[in-house]
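Visitor: Each chain, written out:
There are 6 protein chains.
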Amino acid sequence: MNNVNRYEKGIENITKLSGEQSTFHDVKGILKDISPRLSDLFVSFAFGDVYSGEELTLQQRELLTISTLVTQGGCDLQLKAHTESALKVGCTKEEIIETIIHLSPYIGFPRVLNGMLASHEVIQKFEDDAA
Amino acid sequence: MNNVNRYEKGIENITKLSGEQSTFHDVKGILKDISPRLSDLFVSFAFGDVYSGEELTLQQRELLTISTLVTQGGCDLQLKAHTESALKVGCTKEEIIETIIHLSPYIGFPRVLNGMLASHEVIQKFEDDAA
Amino acid sequence: MNNVNRYEKGIENITKLSGEQSTFHDVKGILKDISPRLSDLFVSFAFGDVYSGEELTLQQRELLTISTLVTQGGCDLQLKAHTESALKVGCTKEEIIETIIHLSPYIGFPRVLNGMLASHEVIQKFEDDAA
Amino acid sequence: MNNVNRYEKGIENITKLSGEQSTFHDVKGILKDISPRLSDLFVSFAFGDVYSGEELTLQQRELLTISTLVTQGGCDLQLKAHTESALKVGCTKEEIIETIIHLSPYIGFPRVLNGMLASHEVIQKFEDDAA
Amino acid sequence: MNNVNRYEKGIENITKLSGEQSTFHDVKGILKDISPRLSDLFVSFAFGDVYSGEELTLQQRELLTISTLVTQGGCDLQLKAHTESALKVGCTKEEIIETIIHLSPYIGFPRVLNGMLASHEVIQKFEDDAA
Amino acid sequence: MNNVNRYEKGIENITKLSGEQSTFHDVKGILKDISPRLSDLFVSFAFGDVYSGEELTLQQRELLTISTLVTQGGCDLQLKAHTESALKVGCTKEEIIETIIHLSPYIGFPRVLNGMLASHEVIQKFEDDAA
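Chains as they are written, first to last, in our numbering: chain V, 1 to 131; chain D, 1 to 131; chain F, 1 to 131; chain X, 1 to 131; chain A, 1 to 131; chain H, 1 to 131.
Certain hints may be false.
What the hints assert, rightly or not - Once the Cα atoms are required to be at most 25 Å apart in a straight line, the calculated DMTMM-like pairs of lysine to aspartate or glutamate come out as:
#	chain 1	residue 1	chain 2	residue 2
1	D	Lys-32	A	Glu-55
2	H	Lys-80	D	Asp-76
3	F	Lys-9	D	Glu-8
4	A	Lys-28	H	Asp-128
Hints in this document: simulated from the structure, not taken from any laboratory.
Note that the coordinates shown come from a computational prediction; the quantities given were computed from them, not determined experimentally.
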């Protein structure tokens, strides 16, 4: 796979995760204005290389991503984008909420609450849109 | 559910995760000598309350736990214990390894490598024991 | 102690820490709408189980909580709620400010400044209300 | 060097880094109202003691500071102030952007993106002012 | 206070915290061989400036330090040294253990367990020496 | 640039940073046994893509890497490998030591001391080998 393919594969995976229009597309666009180099590295490595591995499903990947983002803290933008993707690739609302609750004994309540508030905003919007 | 039940439920879940003898049982024992109060809180809350939720399978919980522990860093003892459990509840070696690889674009390679080295030690031992 | 008692004990401790109306009550309410399970775990474990230990006074607990929250960073909501409680259970303004200053050689100035700005907002409001 | 000299040296270094008027001067002012003791410790230790070392240039120090602040996350105010200084002491826009990109394999994209967005806001403003 | 006084004050406070011979004295010695500049900054700022504030007692400072060190993780050497000091300045074994337990709902069990194991080693040794 | 080239470029950069035999080569080897996929991602992305940017010199990159690794904590293996590289690409011992000292006001002494002890071990060995 050459670099053009890696980037295209990345865009393909982003579209699988989030449709034609999403926070990921927006972030890619903003990054491209600031630094095309960073935009390329981000799309090609994270979404082209890593998300193409077949050992895990996209549902598994999205819940694992929510786990790492809530643990790190301070990544509301990314957490919201991945909550959106989690719902789009078929994770249930209940799985996402329990994923965050599951972290309570590992990281404590402050980051669990922060994560829940950010993530739930997206879940709420998703349900309202579906209604 | 009263507190005795919560503790018993915790021990029951630990046994589901890791058999009759495991690092979790050892940690519980060590803790009991240092502080029975902490040992109780740990078993009852983490394993009694949280692991009893039915929205996620034990396989899902173990991979999510690996994600948060590798992200935090500095938790080799816990990461090894949960790698052991992940294998016991039926996660494949490939899923565990890809879970850690999946974190590369989110936390960077230093903690991914640290996590992989600790986790792989357990995987290796598990395979050797099975052979 | 059964689970109903743990929750009730938690509410009792929250009220000791913060009166009948406070950020803690608000957070509990918001959480209850999102996830009654998380709201219960939070109140019963953090405030029911942990705050009931008699080895430390509530003043000691509040200063220790400020120490861990400022160290973690990114927990302004929680830091403000616990600054409020610290003042209500009798910690002085001077103790709270020095607690944050004390962290400078351990965590550096960026998180100390962030913590001080958030915490001081509450101290200021408390003094204005008292005036 | 006595304490008055350390503070004066700190102010002198702040002025070298950021001119007569800057975020650092503002922060110092805000801190002085909250806690003169913290304001003094901050200026004397960080800028008086540490920045006076001659083993590194101010350009080197500012890029190293950007590295530690982006790594920590949650320090946008400080990151913007040091991006401003980096530009004032002669680091190029390209060096600053590549410094943040350089962190991708070490800390992952979430904190790299957060840092880039905060830092680029200052770079943009600097270029607009220069135009 | 000039710099010689700050350093002397630092040594005086280290001695109050830990007697004539302690891990702090050892660390200071090791640092002096590696970098006299860092050894001076460490003693003068941390122990000379910060520990001289009178708004908190040494007992309060030591428990707050244990809180920040357990929260950060990866600081066993420092945590052991401060557990030693906590005991020497009059904190009880029960207060130290409950300080670490108190952190469970704020940082989760992995770092609480790591901290407890390191800290308890010192408590054990202290009790054995006293016996 | 296709993927074979990216990997080759990565090896070329590793060799520039650390000679024909180094900790990086060892880590790559160990990783290859555990997961060829992770070994490839690591070499191609970190050393092939990122280190090939021409906006920063290798000396600058190595000091920035030391800053992020000391800030993260718990990465002694990586910190030692990059201290080795820093020395090989021409950073002086004084610059490396001051880089770590420079972090004191940003991250506090515990992680600065941990980093200094790990890094200095390599500096010492480097000087002994040169003698």
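Visitor: Tell me, in ascending order, the numbers of any earlier hints that this structure violates.
Guide: 1
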